[in-house]
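J.: Sequences and hints are given; from them, build the entire structure.
Protein chains: 2
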Amino acid sequence: MTDDAKQIIGFFKGLQDEICSGLESLDQGNYFREDLWDRDGGGGGRTRIFTGDIIEKGGVNFSAVHGPMPEKIAAALKVPANDFLATGVSIVLHPANPFVPIIHMNVRYFETSVGKWWFGGGIDLTPHYVIADDARYFHQALKDTCDKHDLSYYPAYKRWADDYFFIKHRDETRGIGGIFFDRLSSDDTMDRMDVFSFVQDVGQTFLPTYLELANRNRHKAYTEKHQLWQRLRRGRYVEFNLVWDRGTKFGLDTNGRTESILMSLPPMASWEYDHQVITGSPEAYTLQQLVKDIDWVSHKTK
Amino acid sequence: MTDDAKQIIGFFKGLQDEICSGLESLDQGNYFREDLWDRDGGGGGRTRIFTGDIIEKGGVNFSAVHGPMPEKIAAALKVPANDFLATGVSIVLHPANPFVPIIHMNVRYFETSVGKWWFGGGIDLTPHYVIADDARYFHQALKDTCDKHDLSYYPAYKRWADDYFFIKHRDETRGIGGIFFDRLSSDDTMDRMDVFSFVQDVGQTFLPTYLELANRNRHKAYTEKHQLWQRLRRGRYVEFNLVWDRGTKFGLDTNGRTESILMSLPPMASWEYDHQVITGSPEAYTLQQLVKDIDWVSHKTK
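Residue numbers (the numbering used here), protein chains in the order written: chain A, 7 to 308; chain B, 7 to 308.
Warning: the hint list may mix true and false statements.
Copies of the same chain look alike in the list, so a pair counts if it works inside one copy or between any two.
Said to hold, decoys possible - Straight-line alpha carbon distances no greater than 20 Å define the calculated PhoX-like cross-link-like pairs of lysine-lysine that follow: (1) 84 with 122; (2) 226 with 122; (3) 84 with 255; (4) 78 with 122; (5) 174 with 255; (6) 174 with 298; (7) 78 with 174; (8) 12 with 122; (9) 84 with 154; (10) 149 with 298; (11) 19 with 226.
Hints were generated in silico from the structure; no laboratory data involved.
T.: If you want it as structure tokens, here you go:
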């Protein structure tokens, strides 16, 4: 393991701690449950699960696994099987109030003993109800973080998120996107510590941005009708994660820790045959926004 | 399309009608909603969806699609791209009472214009609570149907179901299995009309068997605790269907009709991190039965 890797692992652990504390401060009186686990073959993780009042179900997971690379992993990653290290932080939060959005973040680092390395990650938002001001705020925060490093990042990684978080069989995006990037490495003539610096900033964008979005919406009144819609949207979240998400598939295929991987699934989800929304309703508005290439940063509210 | 195919299509349509009537008689005052759909390229289907008191959500779908075979389908099926016909009936029923099991049936026929043909199908049961007498009754009914045709069918197709309906990332079967078979064809030195006769009997085993299981259990009292367990088991059903089921994957990958394919998903499902059951409880007993190779037919109740 490189010295850089040790530093990266240290940062990811600290990030997990910081985000967990922040969410406990938001959702007062509720605390993360922590499960420490070891991986046969090397390394392990700290799975932290939250069941609260504002966050109905959430996971903020850290892991750092290493050792000889299993053949299945080498094949999936298309790299020669050497010793490897994979470390990262993964977060999914399912809020109780349907007007508070679901959020997902992942930051990850990978290296092999023959000198290959890369970073990946991103943050994306899945509102049950799209609220244009919130979407603009969210994308502006990501753009600000990206722009500090390279003006080309936000447009490129925003597009990547639109393409990645896409539910093909529904022809709709999972939510309003965000940023997504993968395998940022020396192959892209990037310097490891420069990319790390960017990934650190992405990681640190998560907490203040989500706290703002949660605080804007968590006191809004809702009814059973809104909760049904929330469950239906959570159903789409399940569809994306189980059918299309490469990270989930990779984890389940390579004997990852199932309970940690599937912490992303909602506490309750519904499926109705051919559910129809009422023209002009907030639900209809939401569906109209679940398309690629909306320029949220310069979006004008209707 | 062969004359045999026309006969098979006719049988499948009649089977759908018969099963729908039978379920409407069970769950009185509730009726199937029918959506007729056409496929670009040829053929179409009759999707029938039920929302009732005993069956909370169910689908009994017929389809017969034909035309030039899309490349993606040819690749997935590993056959040369010729004109094809695919027809079948697919059923999934999610009952309201947690003591009534989820059931799935599929019978299907496929042929190409160059003379290739095969049948596939099966029936399997996913009890939220495994009840040994019901499991024995169910497997005995399937064995009786199989034995009328060939004594080798039940053991072979029972094993196939155990292997197919397996949630690998949970190391548990989806339910108590049943029978499953695929690509029964002239390659297995089988006669088309003989296999058809078997498939007809399988199709006709469905209704009386499920009515018996529903009537045995539908009046049992249950509480919220049982409903939570039901939702968790439905969550596993979702995991199997979206992660592992080749039929679902095939449908979603080849631009099948999403709403018809995903009628299999439950009305409501839950995920809890690392849910634990109480030793000695009916929930713990159920989990113990979700393993391959239980000989239900000769099973002694404890």
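J.: Checking residue 19 and residue 226: alpha-carbon separation at most 20 Å within a copy, between copies, both or neither?
T.: Result: close neither inside a copy nor across copies, 34 Å intra and 50 Å inter.
J.: When no copy is specified for residue 84 and residue 255, does a C-alpha distance of 20 Å or less occur within a copy, between copies, both, or neither?
T.: Within one copy, since 15 Å is at most 20 Å while 23 Å is not.
J.: Which holds for residue 78 with residue 122 at a C-alpha limit of 20 Å: within a copy, between copies, both or neither?
T.: Close inside one copy (18 Å), not across copies (35 Å); limit 20 Å.
J.: For residue 84 vs residue 122, is the C-alpha pair at or below 20 Å within one copy, between two copies, both, or neither?
T.: Within one copy only: 12 Å inside, 36 Å across.
J.: Given a CA cutoff of 20 Å, do residue 78 and residue 174 count as a within-copy pair, a between-copy pair, both, or neither?
T.: between (26 Å within a copy, 15 Å between copies)
J.: One pair to classify: residue 12 and residue 122, alpha carbons no more than 20 Å apart. Within, between, both, or neither?
T.: within (16 Å within a copy, 59 Å between copies)
J.: Within a copy, between copies, both or neither: which one fits residue 174 and residue 255 at a CA-CA cutoff of 20 Å?
T.: Answer is both: 16 Å inside a copy and 12 Å across each meet the 20 Å cutoff.
J.: Between residue 226 and residue 122, at a C-alpha cutoff of 20 Å, which is it: within one copy, between copies, both, or neither?
T.: neither (48 Å within a copy, 60 Å between copies)
J.: Up to 20 Å between alpha-carbons, please classify residue 84 paired with residue 154: within, between, both or neither.
T.: Result: close neither inside a copy nor across copies, 32 Å intra and 50 Å inter.
J.: At most 20 Å between alpha carbons: which applies to residue 174 and residue 298, within, between, both or neither?
T.: within (12 Å within a copy, 34 Å between copies)
J.: Is the C-alpha distance from residue 149 to residue 298 at most 20 Å within one copy, between copies, in both cases, or in neither?
T.: within (17 Å within a copy, 52 Å between copies)
Of the numbered hints given earlier, the model fails hints 2, 9, 11; all others are met.
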